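Novice: Here the protein sequences come in this chain order: A and B. Under numbering that gives the first Met the number 0, the residues of the first sequence are numbered 0 to 247, in order. Under numbering that gives the first Met the number 0, the residues of the second sequence are numbered 0 to 318, in order.
Treat the hints as calculated values from the structure; they're not laboratory data. Remember, it's a predicted structure, so these values are computed and weren't measured experimentally. The beta carbon of each residue, even a glycine, is placed where N, CA and C say it ideally should be. Don't take each hint at face value.
Computed footprint of chain B on chain A; a stretch qualifies when at least three of its residues, placed anywhere within it, have a C-beta under 8 angstroms from a C-beta of chain B [stated by the list, open to error]:
| no. | segment |
| --- | --- |
| 1 | 10-19 |
| 2 | 91-98 |
Short derived list, chain A residues pointing at chain B, Cβ under 10 angstroms [as the list claims (entries may be wrong)]:
| no. | residue |
| --- | --- |
| 3 | I68 |
| 4 | P72 |
| 5 | E75 |
| 6 | L83 |
| 7 | E87 |
| 8 | P88 |
| 9 | A102 |
| 10 | D132 |
| 11 | T134 |
| 12 | S147 |
| 13 | L157 |
| 14 | K181 |
| 15 | E182 |
| 16 | F224 |
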Amino acid sequence: MGILELHDVSLTLGGRRILNHLSVDFWEGHVHALIGPNGAGKSTLAAAIMGLPGYTHIEGDIVFAGESIKDLPVYERARRGITLAWQEPARFEGLSVEKFILAGARDKSPATVARVLERVGLDPEKYRRRAVDRTLSGGERKRIELASILAMEPRLVLMDEPDSGIDVEALRRIFDALSDFKERGATVIMITHSEEVLRHAEHAFLLCDGRIIDKGSVGRIDSYFAEKCVCCGHENQPTPEEMAEVTP
Amino acid sequence: MSGATKAPTPEQVAKARELLASLGAFGAHVGDDVAHLEVHGNEVVGAHLLPGLEADVEQRDDGVEMWLRLRRGARIANPVHLCFGMLPKEGSQHIVMHVEAEEDSFASVQAHCTFPNAVAITHTMDADVTVGPGATYEYFERHLHGAEGGVIVVPKTRVKVGEGGRFKTEFELIKGQAGEIDFDYEVDCEANAVLDMITRIIGRGRDRIRIRETGHLNGAESRAVLQSHLALRDDAVADVYNRLTASAPGARGHVDCKEIVQGRAVATATPIVEVSHPLAHVTHEAAIGSVDSRQLQTLMSRGLDEEAATDLIIEGLLG
């Protein structure tokens with residue numbers, strides 16, 4: 000049973016069809032990877048699932064835990080347990096790490112802040128009163144964003160390029176957080192190009208021109224993507240021959 | 000005539016309590032080691048001073064004139080609390096304040112201006128401040144207004160900071176409706192002096208806000224930061240004018256103006272930097288716009304609705 004089901008989802012932006020009759024189920028409690036070439040629609044898909052402004056006018060349906068969420072605003076989807084970790088986390092001038100984490104935390108006690116900061120390898124005493132601003136490195140902001148998501152205790156985490164712009168230690172902490180999500184039974188969908196990140200996924204989906212053109216084991220899908228995917232000429236969708244080649 | 004050290008009458012004590020109660024948690028300064036002074040309208044209704052800190056107060060028809068002196072080398076450990084305000088709906092309060100922080104002295108003053116019931120009140124302040132060599136004088140002015148916005152606030156202050164002295168000031172109006180504000184501070188800095196000036200204001204309804212922050216880095220190696228952070232909603236209008244001049248070697252300064260506008264609010268920012276010495280350096284940045292969409296979406300993806308997310312972003316900016 001999929002925790003998240005997309006039924007024939009299409010989305011047109013600026014006159015171009017970015018998501019194209021896309022249908023897919025994501026199993027609950029698993030870590031899924033979404034791979035594909037630049038411009039395939041991966042980040043758009045995450046934005047559409049989250050319901051970000053500009054990505055809500057979809058055709059088809061998005062069903063989360065048995066309920067259609069396509070007409071819900073972002074915060075209502077978040078309250079049902081969906082959240083997004085951004086490729087480039089926002090900076091908040093003057094807003095303390097503590098307030099940022101507690102904003103969406105399920106348990107709003109100070110102990111939560113300490114627990115999640117420790118989990119991402121940041122000293123609570125050193126960080127809780129710092130601002131989530133430009134004084135933090137990209138890796139620190141990524142870890143603090145992850146801490147805020149851990150505090151939220153979500154059911155579905157969308158992670159857009161979790162390894163983007165961070166150091167080895169930060170990446171290790173992200174993998175720790177993945178373990179935490181999985182232990183709690185949460186579902187994770189990661190958008191990534193990284194082999195290292197892919198190793199932490201259980202399933203992979205290959206997205207091309209707004210459609211899922213293949214899915215299966217991480218090794219097989221990644222091998223196909225790495226070895227056989229080339230810049231192709233199709234405008235919006237693979238040809239039947241191309242589809243036949245990649246789909247078992 | 001000194002009005003600061005007379006024992007208050009029971010009526011004055013009652014007024015002081017009521018003024019302080021309107022401040023909520025901000026009014027909870029107690030203890031013999033904390034200096035404080037409460038002025039209701041043109042009347043001193045409570046006072047407590049400490050060695051090294053002197054105050055003289057003269058009553059005027061529409062307010063008070065006061066002289067605050069920090070004796071040479073005096074270090075006042077706990078913040079000094081000043082409370083100005085009026086409980087009635089209408090009236091005017093004019094404060095004339097002369098401050099002298101003598102050489103190597105230190106004090107941090109927290110001034111609360113409270114007009115909880117204001118419908119038509121004018122609060123003006125004309126202050127001159129002298130910060131002696133090596134002295135530090137900090138002045139935090141927090142305004143608490145009612146929901147009507149019926150207050151005209153006109154603080155005008157001229158400051159001279161002596162060699163190696165430090166002057167830090169913050170003006171905050173976040174609780175209640177601003178009304179009309181015409182803020183005008185001008186500070187001259189001698190060699191190695193430090194100036195840090197911040198205004199934080201939320202404007203709502205039909206508030207009219209005018210900020211003029213001016214700093215002059217006249218002495219070698221003097222430094223200054225001028226910051227104005229405003230959030231405007233509804234039909235509020237703000238005009239922010241920050242000017243920093245540098246005319247001495249090694250003088251360093253930065254001007255920073257950030258304004259968030261929502262609804263039909265209008266904000267203008269005019270940062271002026273003027274450098275007349277080749278070894279001086281002043282920078283500025285000004286940003287006016289709506290709430291950052293990425294910040295908003297991040298908080299909404301944690302479950303905050305748009306209003307709560309906006310409030311938290313503004314709280315951070317003005318915090």
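Novice: Among all the numbered hints in the text so far, which are the ones the structure does not match?
Specialist: Violated hints (numbers, rising): 1, 3, 11, 14, 15, 16; every other hint is consistent with the structure.
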